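Work the whole structure out from these sequences, hints included.
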Amino acid sequence: MARQAQSGGRPAASWLRADRDRLVASAPVTHVGSPAGTHRRRPVHTALVAVASALVAVVGLVALGGQALRGSRTVDVQLAHRTVHATSIDNAFYACIDTQAHSLVRPGQSVTFGLTNLADVVNMIMGFGSWVTVADPASSADIVLTLHDGTAAPGTCLGTTVVATSRGPGGRTIVRVGTGAQVPGQGPPPAPPL
Amino acid sequence: MSTVLATVAGMCVLGAAGLLPVLATVGLRWYSVPLAPLAGAVAAGLAATASLTFGGSLLDWFLGIAAVAAVAVFGLLIVRPDLGLRAGPATRSRVSVDRIVGVVGFLAVVVACAWSLRGLRTPTVGFDARSLWVMRPGWFLHSHSQLLIDMRTRNLVLTQSAYPPLLSASVAVAWKITGIHTARLGVTMVAMLDACALAAAALAVVQVGRTAAVRVTRSWLPLAGGVIVAVLLVVIAAGITEPFLTNGYADPLWSLAAVGAVAFGLQLRSDPSTRAAAVILVLVAGMTKNEGFVTAVALVVLVAARSIGWTGIRGARGRVVAPLVVAVCELAALAWWPVLMKAIHARGASSTFSTSQDLAHRTDAVVHGFSPYLHVLVLALPLAVVGGVVLRGVRRRVEVGNDVWAWLALGTGLVAVASALVTGSGAIGPWLLSTAHRITEYPALEGWWIVGVWVVVAVAGLAGQATPDGTDVVAHATPEGTMVHEGELVGVHA
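Sequence order for the protein chains is Y and P.
Residue numbering for the first sequence follows this note's numbering, starting at 1 and increasing by one per position.
Residue numbering for the second sequence follows this note's numbering, starting at 1 and increasing by one per position.
No wet-lab data here; the hints were simulated from the structure.
Heads up, a few of these hints could be off.
[Stated by the list, open to error] Restraint-style ranges between C-beta atoms, simulated for each label pair:
id: 1; chain 1: Y; residue 1: P107; chain 2: P; residue 2: R118; range: 37 to 43 Å
id: 2; chain 1: Y; residue 1: T116; chain 2: P; residue 2: G426; range: 22 to 28 Å
id: 3; chain 1: Y; residue 1: Q109; chain 2: P; residue 2: H375; range: 51 to 57 Å
[Said to hold, decoys possible] The following residues of chain P were derived to be distant from chain Y, with all beta-carbon distances above 10 Å:
id: 4; residue: I65
id: 5; residue: S116
id: 6; residue: M135
id: 7; residue: V321
id: 8; residue: P323
id: 9; residue: L340
id: 10; residue: G348
id: 11; residue: H361
Treat the numbers as computed from the prediction; the structure is a model and nothing was measured.
Backbone N, C-alpha and C define an ideal beta-carbon position, used for all residues, glycine too.
Structure representation (structure tokens):
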């Protein structure tokens with residue numbers, strides 16, 4: 001309202017836009033309220049501000065520069081051979097158990113994870129937890145998936161295989177072993193940073 | 001489709017969803033560029049929450065929310081064409097230099113962010129990323145009934161699945177539109193969102209330099225200082241947040257978004273554009289992780305308190321209502337997911353608190369566990385004291401917020417995380433060993449941002465002393481009493 005009144009009834013925004021490049025209202029003032037263009041400086045205060053500004057700027061910039069160098073080196077660790085090697089093994093392991101799980105679970109089948117070993121449950125969630133259809137209650141699952149950790153052998157993922165247990169005709173228990181991928185060597189994969 | 005193309009597609013979709021709301025609220029600013037995908041990520045987070053609450057697919061909700069936001073923006077522009085899109089501050093003098101520095105600052109920050117993401121060349125997928133952050137997107141693409149089972153069933157053991165949804169929901173959107181359901185795409189999407197939050201927070205520092213150049217001195221020094229400090233802060237932030245910046249963890253995103261929210265909401269000059277940027281970043285922080293949620297709630301309160309100010313407390317009703325409405329809306333959006341987790345009895349929704357009498361020991365362990373990562377405070381505190389005593393006037397003229405706001409934001413975030421560890425029921429030693437590096441990212445980054453802002457203010461102070469005519473830039477009073485620099489309009493849309 002105040003803006004409209006001062007602009008002769010025009011909408012506030014147009015008033016503001018119209019006056020964008022010219023100054024309005026009261027006479028110019030400086031930040032200290034002294035008459036325009038006559039800013040008073042106190043020599044001691046001015047010197048103090050100059051010294052403090054220089055101190056803060058120099059100390060801060062040196063610290064920022066030093067920490068930036070340190071930060072750059074930290075990032076470079078991600079490109080080190082050791083990190084690359086550990087990553088490739090880690091990715092290969094989880095891709096391997098994912099492929100084996102795909103060989104055991106048909107679309108639409110519900111699963112549950114065998115709870116014999118907490119670490120194995122976590123590995124199964126990490127490997128194929130995003131796509132399996134988890135049953136609730138667990139007893140209603142079509143398939144129980146577990147990991148079998150053994151020695152390194154052909155057809156295993158660093159010595160681990162995915163095993164599916166299901167009920168066949170006549171209540172017969174059917175046990176199948178995952179196929180389709182293998183990673184030579186002995187697991188578990190190197191622990192990534194937590 | 002390669003992972004690179006899929007990441008570009010995912011970011012473009014998020015950016016498109018967030019573009020109009022950002023342009024309407026933040027305006028045509030350089031920092032709107034990284035804010036657009038982040039606003040899209042907020043839409044994805046809200047879509048996941050709505051999908052779990054009411055049913056329906058995540059993508060339908062995402063497109064619906066984006067469409068409603070776009071329609072709301074267009075509707076607002078039709079009803080109130082005078083509002084328009086917020087343009088950046090117009091300055092009559094030094095316009096070309098300021099604009100060139102704006103472009104240079106933006107490009108420098110983008111290049112620094114891209115260089116800092118070089119760790120992505122190693123396709124690492126972190127432990128938590130694989131077990132939660134880039135695994136849960138698959139759940140968000142399941143049917144509603146299956147998603148409820150995934151969130152509730154005790155057989156899945158992971159209690160962290162009740163964590164806020166923004167990150168996983170954003171990855172789920174990328175998975176859905178590209179058809180590529182890989183952990184690698186999840187990691188690259190998370191890294192790009194991290195980079196957006198980092199760029200936004202760094203561009204706030206560039207903005208401090210630009211404001212200083214306009215308000216305190218006609219020198220180019222603060223402009224250059226702002227750009228240099230912003231680039232250094234990007235590299236520092238990458239060092240603090242690696243390896244989690246490029247392995248899919250959620251900690252960098254909430255930490256960087258919170259730092260950006262402090263920069264825009266509590267450090268930069270308070271105007272509608274910076275407050276809108278702060279809202280987006282607060283929502284990103286609070287909808288990403290539990291620690292971010294607690295910090296975001298504190299930031300909502302602090303930003304509202306700053307907006308209201310003494311004038312509002314003394315009874316200026318106009319200064320109270322708008323900030324309170326914004327704060328309540330933010331809190332409602334932030335609280336939706338945790339309340340929903342309680343309501344559906346999600347696994348991990350209930351907190352466990354220690355009943356032991358060992359709080360002193362746990363507090364001591366937390367202090368010692370955090371200390372190695374917070375050495376920046378040893379530098380930031382004395383700089384802030386010197387600056388606060390001697391450079392207070394320069395800081396006020398630059399119109400950077402009082403440093404106490406930033407320290408309050410740092411302190412509340414630090415205390416919130418430390419309190420969770422002290423009162424938690426987990427064994428404190430292993431807990432600290434595995435998390436201290438990550439959960440101290442926010443206070444460490446905030447400490448460096450405080451240092452960075454003081455450096456730009458100090459450079460402005462130096463330049464002000466060196467101004468040839470020895471005078472400050474002249475300001476004028478508006479009818480409302482707001483100090484306005486020549487040719488610049490403040491609070492056009494306030």
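Now the hints, each set against the structure:
no.: 1; hint: Y:P107 to P:R118: 37 to 43 Å; result: holds, 39 Å
no.: 2; hint: Y:T116 to P:G426: 22 to 28 Å; result: holds, 24 Å
no.: 3; hint: Y:Q109 to P:H375: 51 to 57 Å; result: holds, 54 Å
no.: 4; hint: I65; result: holds, 23 Å
no.: 5; hint: S116; result: violated, 6 Å
no.: 6; hint: M135; result: violated, 5 Å
no.: 7; hint: V321; result: holds, 17 Å
no.: 8; hint: P323; result: holds, 21 Å
no.: 9; hint: L340; result: holds, 18 Å
no.: 10; hint: G348; result: holds, 13 Å
no.: 11; hint: H361; result: holds, 23 Å
Taken one by one, the earlier hints fail for this structure at numbers 5, 6, listed in ascending order.
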